[in-house]
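Chemist: Protein sequences, first through last, are from chains A and B.
According to our numbering, the first sequence holds residues 656 to 942 in order.
According to our numbering, the second sequence holds residues 19 to 580 in order.
If you're looking for bench data, these hints aren't it; they were derived computationally from the structure.
Bear in mind the structure is a predicted one, so any value in this text is a computation, not a measurement.
Any given hint could be a false lead.
[Said to hold, decoys possible] Once the Cα atoms are required to be at most 30 Å apart in a straight line, the calculated BS3-like pairs of lysine-lysine come out as: (1) B:K378 with B:K458; (2) A:K763 with B:K529; (3) B:K378 with A:K763.
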Amino acid sequence: MSAESQVKGGSQKPSVLMPAPTAWPFAMAMGTALVFTGLLTDVSVSILGAILSISGAIGWFRQVLPHEQHEALPVEAPAPVPMTVHPKREVMRLPAAKEVQRAWLPLKIYPVTAGVKGGLAGGVAMAIFAVIYGVFAYHSVWYPINLLAGSLYAPSATPTIEDMRHFNIGWLLFATAMHLTMCLLVGLLYGAMLPLLPRRPIVLGGIIGPLLWTGLLYHIIGYVNPILDDRINWWWFAVSQAAFGIVAGLVVERHHRVWTAENMPLALRAGIEAPGLIEEREHGDKK
Amino acid sequence: MAEAQPIVPPLVIPQEREGSRPFVQVLHDWIVTVDHKRLGIMYFSYGILALVIGGIEASIMRAQLAVANNNLVSPEVFNQLFTMHGTTMIFFAAMPIVFGIANYLTPLMIGARDMAFPRLNAWGFWMTAFGGIILYFSFVGGFGLYGAGSAPDVGWFAYAPLTSPAFSVGHSTDYWTIGLLISGFGSIATGLNIMTTVLCMRGPGMKLNRMPMLVWLNSVMAFLILVAIGPLTAAQLMLLIDRFLGGHFFDTQAGGSAVIWMHFFWIFGHPEVYILVLPAFGILSEVIPVFSRKPIFGYNIMVAATVAIGFISLSVWAHHMFTVGMTSYANAFFVASTSAIAVPTGIKIFNWVGTMWGGKITFTTAMLFSVAAVAQMLIAGLTGIMLAAAPFDWQLGNSYFVIAHFHYVILGVIVFGVFSAAYYWYPKVTGRMMSETLGKWHFWLFLIGFHMTFDFMHIPGLLGMPRRIYTYEASRGWQTWNTIVSIGVIFQALAVLIWVFNATKSYFRGKIAGSDPWDAWTLEWSTSSPPPDYNFAELPVVRSRRPLWDLKHPEDPDWKYE
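Kindly produce the complete structure, drawing on both the sequences and the hints.
Modeler: Structure, rendered in structure tokens:
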């Protein structure tokens, strides 16, 4: 380890002890490399490598045992080189961050519950549109539900349209679980994302976002769920996605925003009273 | 820039330029050095040399593939070129470069005078260096005793049974094995050193939660080195036993398993991607805040995401093996784990954007490279998620789509990050500023070349062009895309030449940098440029994540807010 101690003697210049340079690590590395190279060339190369390697190891040990070898480097008088420090500059700030020196943006976010509620409400809206599509196109409310459960089907047992028009408890449970999970996750994402979207969050998050998502799915769904890809009506899909986005966005937006706790200590955020865990601050300083 | 004000009297030793001493003495000093800064420069320079060599190999390959039915090089030479290109770029360019940056900056950033094990540090560098020399000696020594073979030609991941004595006659594969084995020992030494330095050598007040992001990311990189290099070393030793002592570890004819080699290689190989990309993330996390004039957004979650990436990256390796024929359960697990790693990576991207948002951004060359790297990381991540879906991977595994994806990571993020670091820390290392005008030329040419090459490389992959193909017929419809891809290489090569010229010219004639030319906040900028051998005459006391901000702004220090 490098020495941390500083030697400062009387009239002598102050100095710092640092590890002394040495060639032994180089010698040992070269020796090790030659030992292996001998396997590919000639045994004499390995023997030379072994000698070099052992010499390097011994030399290295003698560098650090019984005492590590150091050199004392003098600390010269400071040269008049100024540290380039610039006065604090005024920077353009977002209106939200006017009052704050260190802006953790966004300053306010929606609570997690807003995302959950938004996701559930959006899920209902999406389901309504999907069911309307099922009724109009296939005269069955079960068709879109069974279609969503399409990833369960084995390729060899692809159900017919007639099968998909009828109630199936397994498919219903799977589709419901899948729909709920996705809606909750996307709802949470909305809760997190909407405060970040500029100007018209509902337009961006509720319409443009779902349309982009639809476009992405249009291209990849064939790999993930070929049955869904075969039978899906993409216009209706886009409409139900937009319905989800708008409803979820509106529900999320109805909630009051709360201050972000991003830069607060974990104990404080968890509501734990833990005196001593949080460093005391100078009198009058506030977070 | 506003007028400079001296605040802290730095303690410095006037730096002596190397040119004023005899060459032999200079050479001797560099060979025997145990100073982390010199070793960092040696690692970095060695990596750049390898980058140029690997780049030349890539350029020859692109010239061969630029048009259909080409025979610029022979198929045998082409096999050697892609093997040496991949091996060189990963093991002898990218790794030494990130090790060099970690070596140079870690002690300076945590307020230490050197690495924990300075001699081991030197040994690690020389092992890496000799590993590369052994690999390239294969061009002249690869014929070995049997008069067959030359440079290795088994691909950079050297799948069995191609590496068995029956299919790889002579010693070319052995040079590959031994070169990587030797450099692997060096890498383990470096990983151990970085980890110990961070844990044991931090200066006064430098708590773990005050460490600069680059140090955090280097720590996780060091952890991954310690975990991941071991399996590769073990596999290399087993391969040597197979080839020299008649072992059967990977010999399928005698009860061995070729698939075991794949597992060994990729349990190293995928964490290796993160060994390389995490330091690049660290660079972005240092550069973006300074040039946005804002602290990093979400430090805690950034650290948590880093640690999460470290752990998850150890459980994703078999996504390289979807086409092998694993069980559906194994496929499902590796699809899920690979997809999961997008979450902490996505958090990082959001936080870099969050750091820039509302800040006053200055587009220096370093910042340009960092911003481009963030955008390219997003694209690389998206194609990564596509390939993480096993059915998608079955279609496009081993195609040029995969090549385009991982070059997007390696070049688009890691190399862009390294260039950003080169512009950002060059003044600290040399005491001189690089030319921003030449820097901008470098950036835009490299950006154009990169996107010409690697955006368009996805398309022949989607059209079915397999990787490692020597040539192709015109009727395939791949030629136009390949020509564009190859033209992009010219732009990149030109950009790199401008960078080398800029660095060389600036070393002699660049503007004097001063200790802190960017008005930055981490400790390396508190000492002179270049730093004295002992880094700090008095170890600085740290009270926040931005110690220099505290020093410069006593009226509004960060420690009040953390």
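Chemist: Look at each hint and say if it fits the structure.
Modeler: Going down the list of hints, with the structure as the test:
1. The suggested pairing of K378 of chain B with K458 of chain B holds, with an alpha-carbon distance near 20 Å, which does not exceed 30 Å.
2. The straight-line distance between the Cα atoms of K763 of chain A and K529 of chain B is roughly 45 Å, outside the 30 Å bound, and the hint therefore fails.
3. Between K378 of chain B and K763 of chain A the CA atoms are separated by roughly 21 Å; this keeps the pair inside 30 Å, and the hint holds.
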